[in-house]
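A.B. asks: Reconstruct the complex from the two isolated chains, following the hints.
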Amino acid sequence: MRPLAVTVVLAAGRGRAALVVVTTAATAALLLVAAAISRVDGSDSWNGPAQEPLLAPIRDPGTRPGAVLTVVLLTVPVLLLLDQAVRLGSTGQHRRYAALSVAGATRRDLRRWAAVEVGLPALAGALLGVPGWWLLREVLGHRLAEHGAALVPTTVGPGPWTLPVVLVVAAYGALVGRRRGSRATALVARGGQRSAPRPWSALLVLVGVGVLVVISGRGGSSSPLGLTWLISAVVLVTLGSVGLAPWAAHAAGAVAARRAQRAPTLLAARRLHANPRPAGRAAAAVGAVGLTTGVLGVFVADVVQSTSSYDRDDYLVPASVVGVCALLAVALIATSIAVHSVETTGEHRRETAALLATGVPVSALRAAQRTECLLTTLPLTLAGSVAGSLGYGWLVGASPVAYAGGLAALVLVALVVGVSVVAATALVRPWLDAAVDPANLRTE
Amino acid sequence: MIDAPEPILSAHGIHKSFGRTVALRGAALELRPGECVAITGPSGSGKSTLLHCLAGVLLPDSGVVTFRGARLDGLGVDERTRLRRISFGLVLQFGQLVPELTALENVALPLLLEGRRRPDAAAVAAQWLERLEVGQLATTRPTAMSGGEAQRVAIARALVTSPDIVFADEPTGALDTVTGELALDVLVKATRETEAALVLVTHDNRVAAVADREVVLRDGAVEPGPGDPA
Ligand SMILES: Nc1ncnc2c1ncn2[C@@H]1O[C@H](COP(=O)(O)OP(=O)(O)OP(=O)(O)O)[C@@H](O)[C@H]1O
Ligand SMILES: [Mg+2]
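Residue numbers (my numbering), protein chains in the order written: chain Z, 1 to 444; chain S, 1001 to 1230.
Just chain S, with the same shape it has in the complex (with noise of 0.2 Å):
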């Protein structure tokens, strides 16, 4: 690229360990505003890992992630929960509804925490649910949707506070064929009429194709890809 611009979340030589299992060794990642990034890789070479890092969730034993030129771990506990909530969106594979809640309500909780008004964040989430065509669902509970379904509601939960990057583990992993690409679509979609980033944990290569760019990782390290300069 001619002009790039600044990256706005930028991790460098990432180590983290899980007891003796060494998870990641060095890996390494730049995003800039708005670009999707399809993170792929065998099944257990840190792809989950390295999402966690970035997304703030986990820190690593050593490397610095930065985001608009702050360092993570510079953060507070409470901190970093904020900025999970705010500025970054996630979405997993499943089971990230709160499971008592409503679609409209699960897709809330981030403007309440906020301390949004009740009908405000009922508002904003309801414009959400419809966005992603999911608005009959709004009194549904997760345990009445389908695996599709609940995605959708997911992926309005993540984008609700307007985030800067998004990050979805696998999001499509537990849905059929069909399913999975039509979330896919919402996903990709949603988040590029957002401008938000998106990076995408995928083992999926039909996935990997509507990234804007490729990061394969092998034993905890990013392989030098065909795009990369020498």
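Okay, chain Z solo, but in the shape it has when bound (with noise of 0.2 Å):
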């Protein structure tokens, strides 16, 4: 017989499990190249840090925490999908706990369950990390140390701080499956739609802003004191602007419901608005995307311009690597919204069977999922990248010619964020035609 946990996961969905593992594994491997760069002059380093032709920012000390931070960021995209993976087949573990709770759970048996659901396969995936960290030492280590300069360093091998490392990611799993679990059993006991988001987190942006007005206002952030506040306050307005993110694809859903002409752009808003949290994680990513690019275009122009061509590699290669891994985030986000799209349309299979049967065509309803993931990311990407262009520029007192390398960044990542979402959109098409089979207007 199988062990209760394994049948316990299993009974999830293999699919869900397979994304938790891969996602964490991921996870893991990217905090232990983060890890791995922090330690790049600590006593366990093997060689010390002059043997290894390391790419200069994570080489100089001083820029080496940016250089941490970049990498650590990289895992939001992913922990995005995490999350979007611990929420497939929810309906069915509604049903799950619905019949367990009469079979008499209690709703912490439920909890529990639900955080072996996503712990178990989160653990596997955050073991597995470990391997795909030693991968990316072969990679981006060894193999790019021949070809100029390493991206990970291969001079910290693994050591006693591998282990926390793999157990927090794996603990992060567990808690994401027991919050979503506490969430199937609070809404198996109320029954109930939730409420609709709030904009509350606009106060942590408003005070993030103004610890930032007050801190220009006293003479900027050299002192460590300084540096301190003004990373609190980056972390509050980011904070604040994920939090908000939801809220603004509910209002958004709202304006563009009233304006729009077409039935996909109703249908797309009208979804939006009334399930704006996805949509709005995703968005808030994008957007975090849309600001690293902007930023990008205005300092890899200004780089371009002002420094001798000597310099230049110093400045360009960091900042293309940071480009690839903004791009690759959009093909993380859009999958995570593909996922998204794939468990909706599972839910509403009746709906839109009829949908079908009253004679809405297919195309209309892949144009309403196309617009309702490009309604968020679209505006929000642009926002993003204009954000970081001004800011950047007006940081460091660009040239108008470096303000036009961030409209080009602007263009690019406009144009890679809607090929994703169309990608995303096409690849969950099978899902689609599953949904509006006649056979579904059978199902309750």
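Read the hints as simulated data drawn from the structure, not as lab findings. Bear in mind that the values here come from a model prediction, so they are computed numbers and not experimental data.
Some chain S residues judged to face chain Z by a derived CB distance under 8 Å, without partners named: (1) H1052; (2) V1057; (3) R1082.
In this text, a Cβ means the ideal position worked out from N, Cα and C, and glycines have one as well.
C.D. replies: Written out as structure tokens, the structure is:
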């Protein structure tokens, strides 16, 4: 007989478990890389940094924290995908939990079950993160070092610090599962819908901006205390913006629904209005990518313009690394949108089949799916990009030509986001085609 | 009948199987303009399957369905979808409204798909909601409606394009007796007023009694009724 834990995990769906394993493995691998970078000068580094041709921002102790932060931030879109994966099959989970609670399971049992459902594959994924890290070390470490400079330090090997990283990732997975579980049980108890998001997070943004204003009034962030305040302010603004995103999506949905002239737009806007959280989160992540590329556009143009060609690579190589990572992040976010789309399509099989039966063409349904994704991601990409370009340009006093770099980055990232969304919705086409099957008119 | 007009819809020798299950074996039906036909029969006799074949939602394995002389299987997927949107109306037992749209938007949807401007579509939809006595629900979402209210909205959506035929599959099946009878009255009255034909699937004899004619299905074929010519 199968152990109970395995049965629990499999009941939640193989696709879901696989996605959880993949995303936690990627997260653990990235975090291990970040930890390794932070330990380049540490006592457990084998040969010392001098032996290793590391990329300048990683080698230089002054910029190293920034490099670590960049790698850590790379986990955000991956975690977004994890979050979306955990939502997969939530209708089934709902039903299973309702049945289990009828059979006598307490809410605490159910929460523990939910934690196991996700925690176990998360532990497996976190452990797989170690070979994943090794792979990154081989490819982005040893291989790249042969061609110039390594992105991943190869002198820092696994040590006692590896275990906590793995455990943190596994525990995070269990936590996400548990939260999902308590939401499901609460929904079973309330049997209702979640309330609309509220814009309270705007307060965080306001406080953060206030702190920024005060710091700049006091003469900048040169002191360690000033730096701490600056970082806190940035964290506040970031958290606030992320928290605000679902409300923004909700509001944008309402506005778009009122103005929509065509049926797909109306459908998309109303769906967004009714269920703004996943789209909002994805949009916040895309907004962050826009911000990054906006900064990058101005930065690169500025470097090309003002630096002698001899020094350029020191700046341009890390910039292009960040750029590639940003575009990869867009692909990940688009995947999380696709996963969400599969989920809602599955949940609304009957309604979807009824739409087709009453004469709504599948092409309109596909257009609605695309529009729903673009409605939030595109504006936030543009907003992030503009904010990044203008903010960074203002900070360094960039020339008008450098702003042209920002504009180019904006066009590029908007294109990538658009193409990714279209690709993601094309990816979920089989699920939509399955949902419109008239057999679904028979299901409840 | 003495001077029966040409049938608007006719189906002959309809066979349909799902895997090993044979749902229809040689079912047939003719529908004249404005006529109200009830399809009855025990559970699993193929009523819903026949309705889906008549409405072009499903294509039969063999047999022919013609609407105004054109074979449904001769139309492309998009043409059939458009036919269902324009010339047919469909009312199901439940769960046919888009949960995220308001009542008004649900009813206006087929018109928007036809390229009508939003204000026009909304005005026509509002008239229909009024006619079905659910005008006050215009901005309500289906999740906040009672079953009877949702059915009235669904009837409004089925009629908003002034279809030639309305297909209804157990439209009162999910409602209590009183609400069900009211909704049925509304459906029959509204289709009569628009001179649309009505195909009504039901296993409720009282429902069948309001129809002009009753067709009884058993094991996927039509039972010869008392009114049929021998
Ligand atoms: N999509 C499908 N897949 C498998 N079997 C099906 C499908 N649709 C119908 N059937 C089978 O075909 C037969 C006829 O089904 P149908 O739904 O048409 O009956 P019905 O007369 O409408 O029954 P009820 O009164 O219960 O609604 C049944 O045996 C049913 O199980
Ligand atoms: Mg049926």
